[in-house]
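Enquirer: Assemble the complex: chain A is given as a structure, and chain B must be docked to it using the hints.
2 protein chains.
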Amino acid sequence: MAIKVHGPMLSPAVVRVVATLNEKNLDFEFIHVDLQKGDHKKEPFISLNPFGQVPAFEDGDLKLFESRAITQYIAHTYGDKGNQLLPNDPKKLAIMSVWIEVEAQKFDPVGSKLSYEIVIKPMLGMVSDDAIVTENEEKLSKLLDVYESRFKNSKYLGGDSFTLADLHHAPVLHYLIGTKMKSLFNSRPHVSAWVADILARPAWAKSLELTK
Amino acid sequence: MAIKVHGPMLSPAVVRVVATLNEKNLDFEFIHVDLQKGDHKKEPFISLNPFGQVPAFEDGDLKLFESRAITQYIAHTYGDKGNQLLPNDPKKLAIMSVWIEVEAQKFDPVGSKLSYEIVIKPMLGMVSDDAIVTENEEKLSKLLDVYESRFKNSKYLGGDSFTLADLHHAPVLHYLIGTKMKSLFNSRPHVSAWVADILARPAWAKSLELTK
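Chains as they are written, first to last, in full-length UniProt numbering: chain A, 1 to 212; chain B, 1 to 212.
It is worth saying that the hints were derived from the structure and are not from the lab.
Careful, some of the hints might be misleading.
To be verified - Straight-line Cα separation of at most 35 Å, DSBU-like style, residue types lysine-lysine; simulated pairs:
hint : chain 1 : residue 1 : chain 2 : residue 2
1    : A       : K91       : B       : K81
2    : B       : K106      : A       : K139
3    : B       : K152      : A       : K41
4    : B       : K37       : A       : K92
5    : B       : K152      : B       : K182
6    : B       : K180      : A       : K42
7    : B       : K121      : A       : K142
8    : A       : K63       : B       : K91
9    : A       : K212      : A       : K139
10   : B       : K182      : A       : K92
11   : B       : K92       : B       : K63
Here chain A stands alone, though its shape is the one from the complex:
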């Protein structure tokens, strides 16, 4: 099989890549990397990503890392397969890129801190830091106000159709929606409809099966 994804399915960045492959209906080999054993800091993984972080990705002789670079490669290279994840029009593509940056620079730092504190830490028997939770809950609330406004003019972040800009949010959204943060999403009708929409996609359900 030509395409390989390396990483644990617990990592949102890994699931982001897997969900993109499932949207494009592509076969791939999944290679588990054991973070607790430190396999991401050793060979052979470190030759795939010198920063020692998951995921890593292979497509034949091409080796990539950084989840958002990988998803964009997949969406562009396999444009004719599965579901379209990019707008055709260059101006619409640029607007999608703006929201890809918003996810990476604004949503992910806040959402990842929250999911670490209230999902991952309890899973590992650690205690959540309430101050970090409160600080990031406030940031998420302000961010979702902007998203709510965006959805008054646009069904999805990038425009009228589902794109990578929406997909990139799914792994962290999935974690947060199972916590008390749910009320931040549910209290905003457009955000709530968007979350329900993107987490109901068949490719997303298929991606979650790998986490089990």
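Expert: Frame of chain A, contents of chain B only:
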């Protein structure tokens, strides 16, 4: 004039966009946004970027924000103007995207904290936080070890030629190279040559003129 850039030239994200326009030899109108007066949190700016952050960008009726989305739009849309900033081959383009993500996710958070502490704070009469400086100096040092290895096989981050992946680093590099952090760059021969190369580009010198 069709292209407009909104923001103060003190902001690395604004200079990143200006440097891209200069590489492509494009004319543009520069509209100063006074952050100290809070103009980025009010109309008309807030209609260009609902998050109230610089830069904002207009090309005719297209309105964008997030510097890295803007530079990619410019490089793709004006591919035939000025200097080529993107590889033609899709696999090389994907590798460039990996290093665009490395800048955004790893270099920028560390570099921006350092330049805020040791360049911007003293400029505003504030005192640097030594603990933050030390912590980020260590992170930058480890990061530059990976860059040094990268440059043993590749003249630029994205491959054999200068691309957006290199350009995106220039504004924060320019700040850091004027501080005691200079030794972190100079002690690594390949990194040092790369810094000298990208800061010697005519489009970069032209961009700095606007900061004066």
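Enquirer: Would you mind marking each hint as holding or not holding in the structure?
Expert: Results for each hint:
1. A/K91 to B/K81: holds, 18 Å
2. B/K106 to A/K139: Measuring from Cα to Cα gives roughly 21 Å; hence the hint holds.
3. B/K152 to A/K41: This hinted pair holds, its Cα atoms lying about 21 Å apart.
4. B/K37 to A/K92: holds, 33 Å
5. B/K152 to B/K182: holds, 20 Å
6. B/K180 to A/K42: At roughly 33 Å apart (the allowed maximum being 35 Å), A/K42 and B/K180 satisfy the hint.
7. B/K121 to A/K142: Holds, at roughly 27 Å.
8. A/K63 to B/K91: holds, 9 Å
9. A/K212 to A/K139: Judged against 35 Å, a Cα distance of about 31 Å means the pair holds.
10. B/K182 to A/K92: Answer violated: B/K182 to A/K92 is near 41 Å, above 35 Å.
11. B/K92 to B/K63: Judged against 35 Å, a Cα distance of about 29 Å means the pair holds.
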